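As you go down the protein sequences, you meet chains R and E in turn. Quick note on my numbering: the first sequence kicks off at 590 and runs consecutively. Quick note on my numbering: the second sequence kicks off at 166 and runs consecutively.
Everything labelled a hint here was simulated from the structure, so no lab data went into it. You may find that some hints are simply not true.
Said to hold, decoys possible - A partial selection of chain R residues facing chain E, derived with a Cβ cut-off under 10 Å:
#, residue
1, G635
2, K636
3, L638
4, I639
5, T641
6, E645
7, T646
8, F650
9, L652
10, A653
11, L656
12, L659
13, F660
Since the model is a prediction, treat every value here as computed from it, not as a measurement. A virtual CB, placed ideally from N, CA and C, is assigned to each residue, including glycine.
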Amino acid sequence: MDLNTGLIAMAAALAVGLTGFASAMAEKNIGSAAVGAIAEKEELFGKALILTVIPETIVIFGLAIGLILLFVVLPSL
Amino acid sequence: MLCPKKMSKVLIVGNKDELEDTINALYDLKIIHIIDYNNKEEGFERGKPSKMSSLFSEYVLSLRTLKDIFHLSSSEPKHEIKDIEFSIEFKKRLERLENKVIEKRKKIEDIEVLLSDIENITDVNDLVKMDLSSNVKDIMMDLVNSKERMLQEKKELKEELNNINKEYRDFIITAEEFLSREIEKAETPLRLATTDHTYILEGWIPSDEVERTQNTLNEVTKGDAQIIELEEEDKDDVPVYVETPEPFKPFETLVEMFSTPNYNEISPTLMVSFTFPLFYGIMLGDLGYGISLLALVLFLSTRMKTTGWQSLLNIMKYSSIYTMVFGVVYGEFFGFEMFHEMGLTHIAGVHLPLVHRLNQIVPMLMACAGIGVAHITLGYVIGFINVRRNKGLKHAVLEKISWIGILYCIFGAILMPDLMYPLLGAMVVFTIMLVLGEGALALLDIFTLISNVVSYTRLLAIGLSSVGIALAINRIATDILIPNGIFGIILAVFLLVVGHTGNLALGIIASFLHSIRLQYVEFFTKFYKGGGIKFTPLGIRNEEV
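So here's chain R without its partners, still in its complex pose:
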């Protein structure tokens, strides 16, 4: 285990962790707005649910970067 391996592992962890945090922050706002909308008009549930998962893309980008770091960059060292 050299230093580079550790740093890459850290980078992957940060990529997934921080983007997860970002998704959560975005979803927090959308979620509370969505609940408000549903309280007024129940039929909006489906649309609200879809809107709520839109920022999940951020963490998926993070995951993709993490996977590339671990499975493409790390073996090539």
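Starting from the structure of chain R, add chain E where the hints point.
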């Protein structure tokens, strides 16, 4: 199948005396989308509802009360709707039925209130200590003792209600359905313009049906009612009717949840009905989960009869089949590697499983991006056809081909670094085309394009998280719990059932949402405008979804 049907704006003009027959005929044809008369023209008035309408409303009110009490829904097995004799007899029958039911309900409620009042008094001896007069004590005693009798009576009343329900449910459902239609017919005159002796009805009819409609009207009114086709320049408020073949119908719901297609564009229902379940299967991809999901869907479809639920369940049915297919491709059964457990490594020279998601992450990532490029290209191709039809070939090339070019240049350059410079050169050309087509601001969207493609890696990511949880559950159960004797096995079974149920629930929802998101955000933004008016002809009632 892809494009909305061509519509003609028509006026139907005729003699007011024949209005009722005309409306009945149009109602049965289910062909005309009426434009409500706005009561603004001089000399024309809104029509008046026919005389029967208020009487019918009264009946319907009673019938709906009964329906509520018996929890009946109109989507139960369809009954032949016959003409019902609306004599005094019908009225009396309905009133008697309603009174009987309401009376029995009232009795049950009274008994329930009484029962809940005396529920807590079980021991009369407490009262003895309180030094009450023997009179009060006796009454209380009586009450407690009569509990049994009241329960019995309540049961009998419920039984009687059930019998009434069994006997009259067909009558209630059919009559309610029939009367609702009659009311709609009776109220249609409110939507058209009339003078003292004539009426004018404005609406949209599919162009190839105009002749048939005229023929029917001729039969009904002996040639008095005439259809006049209008030339319509404005294409914005044309109602949209896309003929979708029956197997793809459920996916219309998904498209309409986003927006009804515009009159001038291709409806994406057909594309969605292929890609949505495919993406769903790629994400969930587990034979065991697929079978469970199919079982759940088949069970629910016997219970949930509303149109909205039915189309959702049909979508899930297709999705569960794809899930099973990809479960076999990945070789996963509730997270277990099924081929490995069975000792199978090859069938007919093919290595099993075809794809191992956890071990082949990089190829899977590439494949997902590839699917993304293909899906987005499809979006631009549809966009190209739309723009070409509406604005001409030049615009279509500048607005859509430029995007396809940029997309392939970027990903070609990543895949084949040798060709980077020629591809970059081509990209400059495409970018110039783009700026000419959509303006300089579109340059910012190039980054969106890249993120769109990367977004398809969710096809792998969602699946990985689901496999991860399943794997963890299985490991804990088989490696840690089961070796620890009977108690461990009981715990393991419990953990497997609860864990996989939870994971399946998460997987079903997550796969659904992400699959639909790929359609809405990545696919539809490339070509779909929406905002059309749905074609709702007279005779097809807006069913709740």
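Check: Which hint numbers doesn't this structure obey?
Finding: Hint check: nothing fails, all pass.
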